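There are 2 protein chains.
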Amino acid sequence: MTTVRRLGPSSQNTRSAVLDLVRSSGTVSRIELAEMSGLTPTSITRIVKSLIEDRLVVETGYGDATGGKRRSLLELNPDARYAVGVSLDDARLTYVVADLGGRVIGHHVSTGIGQTAPSAVVARIADELEALLAELAIPTADVVGVGVAGAGLDLGAGAERMSLTTDDWDSFAVQEALGSRMGLPVVRDNDAACAALGQFWAGRMSAGDDFATLYMSNGFGLGLVTGGAVARGASSNVGEIGHMVVEFEGRQCWCGSRGCLEMVAGPRAMVAEAMADPALRLELELSGDDGHLRHDFDAIARAAARGDERCAAVVTRSARYVAAAMLSVVNLLDLGRVYLAGPGFADAGDIYVREIEEQSSRLARTRSLHEVEVTLVDPGLDAAAVGAASLALQHVLTPHARAGRAEAVLPA
Amino acid sequence: MTTVRRLGPSSQNTRSAVLDLVRSSGTVSRIELAEMSGLTPTSITRIVKSLIEDRLVVETGYGDATGGKRRSLLELNPDARYAVGVSLDDARLTYVVADLGGRVIGHHVSTGIGQTAPSAVVARIADELEALLAELAIPTADVVGVGVAGAGLDLGAGAERMSLTTDDWDSFAVQEALGSRMGLPVVRDNDAACAALGQFWAGRMSAGDDFATLYMSNGFGLGLVTGGAVARGASSNVGEIGHMVVEFEGRQCWCGSRGCLEMVAGPRAMVAEAMADPALRLELELSGDDGHLRHDFDAIARAAARGDERCAAVVTRSARYVAAAMLSVVNLLDLGRVYLAGPGFADAGDIYVREIEEQSSRLARTRSLHEVEVTLVDPGLDAAAVGAASLALQHVLTPHARAGRAEAVLPA
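These protein sequences, in sequence, are chains Y and D.
Each residue of the first sequence is one higher than the one before, starting from 1 at the first, in this note's numbering.
Each residue of the second sequence is one higher than the one before, starting from 1 at the first, in this note's numbering.
For the record, the hints were derived by calculation from the structure and aren't laboratory data.
For clarity, every value in this text was computed on a predicted model and none was experimentally measured.
The C-beta atom is built at its ideal place from N, Cα and C for all residues, glycine as well.
Careful, some of the hints might be misleading.
[To be verified] Partial list, computed: chain D residues near chain Y (C-beta under 8 Å):
1. T140
2. V144
3. D210
4. S235
5. E240
6. M244
7. G256
8. Y321
9. L363
10. T366
Work out the full structure, taking the sequences as your base and the hints as a guide.
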């Protein structure tokens with residue numbers, strides 16, 4: 001258990017760590033950087049010089065005089081580089097372009113993956129990305145990388161199980177395909193982890209606060225930030241809350257287990273429940289076909305948001321299961337903050353917030369010590385894409401903080 | 001998100017950090033300590049001098065010559081100081097004395113808390129501890145502190161909810177009472193967190209491995225190590241797995257929720273199930289009285305271990321619920337290692353191991369990527385006490401790594 005993080009005096013990691021100290025400090029002097037990093041003033045001077053030469057850092061004036069000499073202050077140059085985030089979703093693709101400071105400066109939404117073959121989707125992503133960058137007048141050379149957020153597990157090198165509507169994605173290496181097409185490093189992670197990272201990176205919470213981001217698309221995922229970093233686990237597959245057993249010996253799940261959250265409370269279960277009401281089925285034009293899952297689910301969520309009592313009952317039932325699962329997570333991890341993000345919460349997210357708040361304020365084991373704050377992330381549809389851009393930025397700014405799956409694949 | 005840990009040049013924390021670097025390195029030179037810590041060689045020389053003067057570190061010979069000069073090597077002096085760990089349990093108190101290296105050199109078991117008033121228990125603990133130290137010929141001045149492991153939540157300053165058989169412990173400040181009686185710093189944490197810390201400290205896993213320790217006494221607790229540290233959460237109450245909802249809208253739990261793991265699979269539920277069989281009730285002399293919970297539970301567990309089919313069925317039913325909860329935790333946190341510890345697993349722990357292994361090998365979402373190793377910690381009854389001693393040691397060696405509840409209360 002080594003307790004002091006060692007920084008080699010001249011590595012790329014050290015440079016990135018110093019750049020990240022500048023970013024997180026706002027404005028900072030060289031002396032302060034030396035104190036914070038444990039590096040010698042000579043090393044700091046050399047590293048800062050190279051960061052200024054690369055336009056990543058700028059001098060921004062002078063701080064208070066201490067001992068006769070005024071300290072020149074440094075700041076991140078947010079416009080020096082950009083990162084792109086793409087969220088792959090069944091119903092829509094969302095693109096964001098962020099500057100080095102994490103601010104979103106460009107945004108585009110297009111048709112989802114649907115039944116299209118992965119290679120065709122990748123070709124379209126590359127075209128749409130190039131068009132977005134051209135529109136923003138950003139040369140590709142100024143883009144540090146592309147982050148991709150998608151559903152599902154990472155079941156080994158290159159093979160991505162995206163849990164989308166087609167099985168083609170199971171064995172498709174989206175990183176390699178997009179990386180070689182774009183000529184840029186591509187990193188990927190699941191949408192829940194991306195959404196959590198995005199909130200952490202954007203500084204929406206104080207450092208040290210643990211929190212969870214529940215992401216709902218066709219299923220559920222949980223992004224966890226503990227101890228100031230996105231939790232990764234043994235194989236970078238943290239967050240499979242969709243297969244939390246909430247009903248022991250309950251309905252058989254496709255995963256082999258029984259009574260999983262996804263099986264009793266996910267979009268498929270909700271559509272099946274609504275389909276059982278012939279009038280509702282007709283009214284909302286539900287197909288019950290897996291290829292139209294998102295269409296069916298959206299129709300139910302929108303009707304619930306409009307106040308249709310039958311649909312509100314379907315959503316509320318799902319939300320009560322989700323709230324029980326989140327109560328378990330809150331109790332297990334002693335969380336004080338929970339975020340909801342993703343297309344599943346776009347229309348009827350308020351119902352989920354209400355049920356999670358109700359159960360956690362009444363039943364959380366630590367309710368006498370602290371609140372559990374439940375927040376619907378706005379805009380929920382962008383959260384994963386913004387987080388994916390953060391993922392690409394993190395590769396430039398803090399490669400030493402990376403772990404697990406989030407490894408860049410450099411283009412061939 | 002500051003990424004480099006700052007060490008002030010002369011604080012107590014720095015001294016402890018250097019001491020911990022010596023401990024974790026085995027043998028190490030001053031130059032290596034400077035490189036690892038980022039401190040100047042001058043600072044290291046000064047700190048090492050004070051550690052040698054206090055007998056905490058010894059010089060142990062010379063390493064290879066580099067550039068003409070041979071480096072003298074440093075090592076922890078394990079016999080310089082000792083720490084005590086006490087596990088408070090309904091059925092027995094367990095004491096261990098550990099040296100600075102974490103090795104257990106003394107051990108004592110006595111009667112449990114039962115229905116005795118907290119102040120009387122604390123007086124007895126002090127007497128028994130003094131007797132144990134006298135037997136080992138360890139002067140109190142060489143003891144760095146006492147760690148106390150108990151069940152339950154920390155519901156605020158001084159008030160410890162121990163979840164034992166009497167409510168008296170709810171508002172009893174065990175730390176203060178024992179600290180002022182012993183004249184030693186006392187730290188406390190829940191038994192699950194202690195058991196996890198003990199395994200981590202003893203180096204039973206490689207650094208960076210996340211793992212969970214499920215602790216079973218009258219209820220369940222989960223100690224979590226993620227990212228190389230015991231997870232603390234918002235109020236140092238991580239691990240309330242006993243109130244994970246495993247049966248949505250199931251049996252009403254005393255916590256206000258329904259279908260909690262403890263309610264359907266804890267010792268009370270198991271005793272109630274066995275009591276429903278009149279022959280078994282008579283045979284095992286079950287009382288069903290809450291004051292005899294541990295006696296009743298132990299009788300069932302021992303009979304199950306002996307092969308009594310009725311009792312094996314009761315334990316197996318509990319173990320299947322526990323396995324479903326652990327499967328949820330494994331899926332949520334992508335764990336590759338799970339430990340079982342505590343008196344609840346002393347007699348029939350094998351049945352729990354078998355069910356958890358069966359479910360996780362068949363159903364864990366990451367089963368194609370890695371195993372989930374399930375280990376019964378031996379000796380299960382000592383795990384919390386050993387961990388509590390580690391907690392006290394950690395306060396001396398790595399106060400910078402402390403968090404949350406584990407704060408020392410110094411004697412008045």
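Structure-based check of each hint:
no., hint, verdict
1, T140, "28 Å, violated"
2, V144, "18 Å, violated"
3, D210, "6 Å, holds"
4, S235, "5 Å, holds"
5, E240, "4 Å, holds"
6, M244, "4 Å, holds"
7, G256, "5 Å, holds"
8, Y321, "6 Å, holds"
9, L363, "5 Å, holds"
10, T366, "5 Å, holds"
Of the numbered hints given earlier, the model fails hints 1 and 2; all others are met.
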